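J.: What follows is each chain in one-letter form.
Protein chains: 2
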Amino acid sequence: MIIIGELVNATRKSIAEAIEKKDRDYIKKVVLKQIEAGAHYIDLNAGTGKGQEREISDMKWLMDIVNEIGEIPVCVDSSDPIVIGECLDRIKSKDRMINSINGENKRIEELLPVIKRNNECKIIGLTMDDSGIPVNVEKRIEITGKIVKLLEDTGVLRENIFIDPLVQPISVDVKNGMIFLESIRMIKKEFPGIKTTCGLSNVSFGLPKRKLLNKYFLALSIAFGLDSAIIDPVDEGMREVICVSEALTGKDEYCMNYIKMCRQSS
Amino acid sequence: MIIIGELVNATRKSIAEAIEKKDRDYIKKVVLKQIEAGAHYIDLNAGTGKGQEREISDMKWLMDIVNEIGEIPVCVDSSDPIVIGECLDRIKSKDRMINSINGENKRIEELLPVIKRNNECKIIGLTMDDSGIPVNVEKRIEITGKIVKLLEDTGVLRENIFIDPLVQPISVDVKNGMIFLESIRMIKKEFPGIKTTCGLSNVSFGLPKRKLLNKYFLALSIAFGLDSAIIDPVDEGMREVICVSEALTGKDEYCMNYIKMCRQSS
Chain A
1 MIIIGELVNA
11 TRKSIAEAIE
21 KKDRDYIKKV
31 VLKQIEAGAH
41 YIDLNAGTGK
51 GQEREISDMK
61 WLMDIVNEIG
71 EIPVCVDSSD
81 PIVIGECLDR
91 IKSKDRMINS
101 INGENKRIEE
111 LLPVIKRNNE
121 CKIIGLTMDD
131 SGIPVNVEKR
141 IEITGKIVKL
151 LEDTGVLREN
161 IFIDPLVQPI
171 SVDVKNGMIF
181 LESIRMIKKE
191 FPGIKTTCGL
201 SNVSFGLPKR
211 KLLNKYFLAL
221 SIAFGLDSAI
231 IDPVDEGMRE
241 VICVSEALTG
251 KDEYCMNYIK
261 MCRQSS
Chain B
1 MIIIGELVNA
11 TRKSIAEAIE
21 KKDRDYIKKV
31 VLKQIEAGAH
41 YIDLNAGTGK
51 GQEREISDMK
61 WLMDIVNEIG
71 EIPVCVDSSD
81 PIVIGECLDR
91 IKSKDRMINS
101 INGENKRIEE
111 LLPVIKRNNE
121 CKIIGLTMDD
131 SGIPVNVEKR
141 IEITGKIVKL
151 LEDTGVLREN
161 IFIDPLVQPI
171 SVDVKNGMIF
181 LESIRMIKKE
191 FPGIKTTCGL
201 SNVSFGLPKR
211 KLLNKYFLAL
221 SIAFGLDSAI
231 IDPVDEGMRE
241 VICVSEALTG
251 KDEYCMNYIK
261 MCRQSS
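Protein sequences, first through last, are from chains A and B.
Everything in the first sequence is counted per my numbering, starting at 1 for the first residue and increasing by one.
Everything in the second sequence is counted per my numbering, starting at 1 for the first residue and increasing by one.
The following block holds chain A by itself, in its conformation from the complex (with noise of 0.2 angstroms):
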């Protein structure tokens, strides 16, 4: 399970403050406790909504702590394609992902340029569309048809494809669940050598116990060919979840990390 720590995003209150303020000490704090907990990739996200000229330099400042600490894997997260390129050309690391490209015209154009200068990057890819984000299996699969076509074509590698089929919530209609699963599973299959990822807190959005329901929909989706993951890395209920669903989906050979979790935690 390839793990993408969210924790350093704008959206969040004390990031959010933590850039204002200029605290570096603060993003770095998080960002080694992300890679402690075996965090693969760092998200970055300083989209606080106050335009581009304040987003480069916010994400350049994020991007500079970043490689003050070494060859960091960072995973750009920006709707900006400009911001994307800007912090692509900072990142000291080679392994670097683009969060996110998508199915609407206007993004492909925008940001397939940035890629083509960036192809050996990872790139997420959405499945949503000019139409919006489908309401069924067969339309993610489309759309995932239409983002693969034109990253291959740009040089991208198929094993560095992510697509997310985004998750919707249960409470919007109790169908998202198995909706998303299922889209998992037939990209795998109709896709072979892609990965998958998402971002799978939406799943539970207008429903108490939020953590609950995102752990087990976390082992249902690994169940079904989830290959990577959104989340915060550095809580253990998570970690616990991956570690048991491997093991019991035949990825951790001889269960060698499960019994190594159990030690640990004993």
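Copies of the same chain look alike in the list, so a pair counts if it fits in one copy or across any two.
In silico EDC-like pairs for lysine to aspartate or glutamate, Cα to Cα no more than 16 angstroms straight-line:
#1 251 - 173
#2 211 - 240
#3 28 - 68
#4 60 - 20
#5 195 - 152
#6 33 - 236
#7 60 - 23
#8 146 - 190
#9 175 - 253
Bear in mind the hints are in silico, worked out from the structure with no lab data behind them.
Computed from a prediction, not measured in an experiment: that's the story for all the values here.
Starting from the known structure of chain A, fit chain B onto it as the hints suggest.
T.: Structure of chain B alone, referenced to chain A:
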């Protein structure tokens, strides 16, 4: 989720003792607390290995206690077809289950006449035959086909057939978890209308923190199409897993049961 309460089983020391001492009150208490906890069927097993005569007499004794409570749906659990036949004649409830038939020729030959006389019964069918428990999904589907044909030819309705694809420990082979899950999915796909069930705790045999593995494996099984489980219904953790999994997989309209559970536990 159809819950078969597993607690009245002579392989459990406290039950063996209660049978030995003819402690009616204890058995009655165990039956009642399973019903209160939501069990739909009460599994009764008196197989102490002391022979047919003793098993028949012990089973009749158990049966009488259950009948005294009322028309409780019972799951008659014995390796001896004669015992099963005798018990079925004695159950008050019209809703009863046989645990179990499988693909072994001897078992079929002996149990089929009993089923013919009681073909309104629900029947658990295990995917094993004279070659043992299969190591792959395909063979499990093949045995399912054989059992389904035999039972339907005997007048059993498909909706009353519960196939158990027999989960094997992941400590023996890490692929065993996915083999079981894929079997569940394929059985539901290949035999529309059929039900699936299992006694899932075998998955964690030989590993630490078995309850943790069992809980998550139950969740995964529900997502792959498990309709029923032979479990300890008194275990609050198990009930929570069922409730959460049903909400996540579209089986809990408007998440009403989930919300109710959260209210009760807070």
